[in-house]
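Residue numbers (my numbering): 263 to 627.
If you're looking for bench data, these hints aren't it; they were derived computationally from the structure.
No residue lacks a Cβ here, since even glycine has one placed at the ideal position from N, Cα and C.
One thing to keep in mind: the hints can contain errors.
As the list claims (entries may be wrong) - Taking lysine to aspartate or glutamate and the DMTMM-like style, the derived pairs with C-alpha atoms no more than 20 Å apart in a straight line are:
hint : residue 1 : residue 2
1    : 307       : 350
2    : 307       : 337
3    : 451       : 403
4    : 451       : 479
5    : 307       : 347
6    : 603       : 614
7    : 307       : 345
8    : 358       : 347
9    : 412       : 378
10   : 307       : 340
11   : 451       : 477
12   : 307       : 486
13   : 412       : 400
14   : 358       : 337
15   : 307       : 493
16   : 603       : 559
17   : 412       : 393
18   : 358       : 345
As the list claims (entries may be wrong) - Restraint ranges, calculated between C-beta atoms of paired labels, are given here:
hint : residue 1 : residue 2 : range
19   : 603       : 371       : 49 to 57 Å
20   : 551       : 367       : 43 to 51 Å
21   : 610       : 416       : 24 to 32 Å
22   : 564       : 495       : 40 to 48 Å
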Amino acid sequence: MKAARGRRNSNYNFGGQAGNTSGATVRLQNLSRAFGTTRALDGLKLELAPGELVALLGPSGCGKTTVLRIVAGFETADSGAVEVDGQDVSGMPAAKRDMGMVFQSYSLFPNMSALDNVSFGLRMRRLGSAERQRRSADLLDMVGLAAQGKQYPHQLSGGQQQRVALARALAIEPRVLLLDEPLSALDAKVRLQLREQIRSLQQRLGTTTLFVTHDQEEALSMADRVGVMHDGRLEQIATPDELYDRPATPFVAEFVGIMNRIPASLLALLGASALAADVVRHPESPAGGVDVLVRPEGLRIAASSTGNGIVVSRTFLGQRTRVSVRLSGDVVVQVDQQSTKAAGLTPGDPVDVSIAGAPVMLADR
263 MKAARGRRNS NYNFGGQAGN TSGATVRLQN LSRAFGTTRA LDGLKLELAP
313 GELVALLGPS GCGKTTVLRI VAGFETADSG AVEVDGQDVS GMPAAKRDMG
363 MVFQSYSLFP NMSALDNVSF GLRMRRLGSA ERQRRSADLL DMVGLAAQGK
413 QYPHQLSGGQ QQRVALARAL AIEPRVLLLD EPLSALDAKV RLQLREQIRS
463 LQQRLGTTTL FVTHDQEEAL SMADRVGVMH DGRLEQIATP DELYDRPATP
513 FVAEFVGIMN RIPASLLALL GASALAADVV RHPESPAGGV DVLVRPEGLR
563 IAASSTGNGI VVSRTFLGQR TRVSVRLSGD VVVQVDQQST KAAGLTPGDP
613 VDVSIAGAPV MLADR
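Generate coordinates for the entire structure from the input sequences, incorporating the hints supplied.
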């Protein structure tokens, strides 16, 4: 029975080679959920392949945490179903779903030490004491809390409590791992370290993972695919590269990364006369006008006494510098330039801005 369900054996060496089991297939079928007059989910469909890490990204209130809670069994959908390996688990209690979840609010047992919190799920699964202690200690060491095993939650910082919660979720080696902004309480250095460790561990274990975050860098760097949510629906789900380079809707284009909106009337000024003509002929161009969406790296900038723009500000970002330029009509665009080439630019300098490549898409003004 255990082999059929894909459970790992008790001598699994956490941190060593992964077990021979891949994660589960998860299908969300037409999930809808309303809270009073607010529709949190509106017929959402999503499928996660075995061992895949999918991140849900979107503004506050878009429904991404509601999805996570319905999958975990802490919320009930008004309609639709959650399937795991073809089995409808919608009516199954959370404790029976074989899922691990890290809550944004930690949810640790206050009367248990960090080590006991991590080992709680293993004790419920009747794992031997020695193996339970060893695996829990390994996990605490992995999240940088080896010395805090005997401390209680109130003796730990918020970031430390979040790491204990992560270790507890991983300890049971769940077939589905659910992460609700698990790194939000950590400082930048630890956040980066754990981001890499979580991804490496998830790939080694083959655990199907649904990860909710508001951090775009986190989503794009960790996930196999990223789903952008808006008003309870998935606007697009794609690989990070595709999402960034080929967004399906203007909302996705402007939500993921930095995007410039440039009126089509300025395209000729930016040396894109042919492109301007294409925009005018485009069947989707509304009668009231159209903007083109261009990433900062899709624009070029050069110092020029007769330029078409004026430098407003510059922000050093390491190898590149982001330069804000005011164009005709008080339109301000962001241009990414190699820092060595942008070093001489200062606010007030005249510059020439041109389009280096095609815009991402057209959008109604």
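Return holds or violated for the Cβ distance of residue 603 and residue 371 against the range 49 to 57 Å. With a Cβ separation near 56 Å, residue 603 and residue 371 satisfy 49 to 57 Å, so the hint holds.
Should the hint that residue 564 and residue 495 are 40 to 48 Å apart at their CB atoms be regarded as holding? 42 Å, holds
Given the hint that residue 358 pairs with residue 345, does the C-alpha gap stay at or below 20 Å? 13 Å, holds
Does residue 307 pair with residue 350 here, judged by a C-alpha cut-off of 20 Å? The given pair, whose Cα atoms are some 14 Å apart, holds under the 20 Å limit.
Sort out whether residue 347 lies within 20 Å of residue 358, counting only the CA atoms. 14 Å, holds
Is it true that the CA of residue 307 sits at most 20 Å from the CA of residue 347? Roughly 16 Å between the alpha carbons, so the hint for residue 307 and residue 347 holds.
Measure nothing beyond the straight line between the CA atoms of residue 358 and residue 337; if it is 20 Å or shorter, mark the hint as holding. 15 Å, holds
Under the criterion that the straight-line Cα-Cα distance not exceed 20 Å, is the pair residue 412, residue 378 satisfied? With Cα atoms ~8 Å apart, residue 412 and residue 378 stay inside 20 Å; holds.
Decide if the proposed pair is consistent with the structure: residue 412 and residue 400, CA atoms, cutoff 20 Å inclusive. 14 Å, holds
Satisfaction of hint between residue 345 and residue 307, Cα-Cα up to 20 Å: 11 Å, holds
For a C-alpha distance cap of 20 Å, please report whether residue 307 and residue 493 respect it. Judged against 20 Å, a Cα distance of about 14 Å means the pair holds.
For the pair we were handed, residue 451 and residue 479, check the Cα-Cα distance against 20 Å. Given that 20 Å is the threshold and the Cα spacing comes to 14 Å, the pair holds.
Checked against the numbered hints above, the structure breaks only hint 21 and satisfies the rest.
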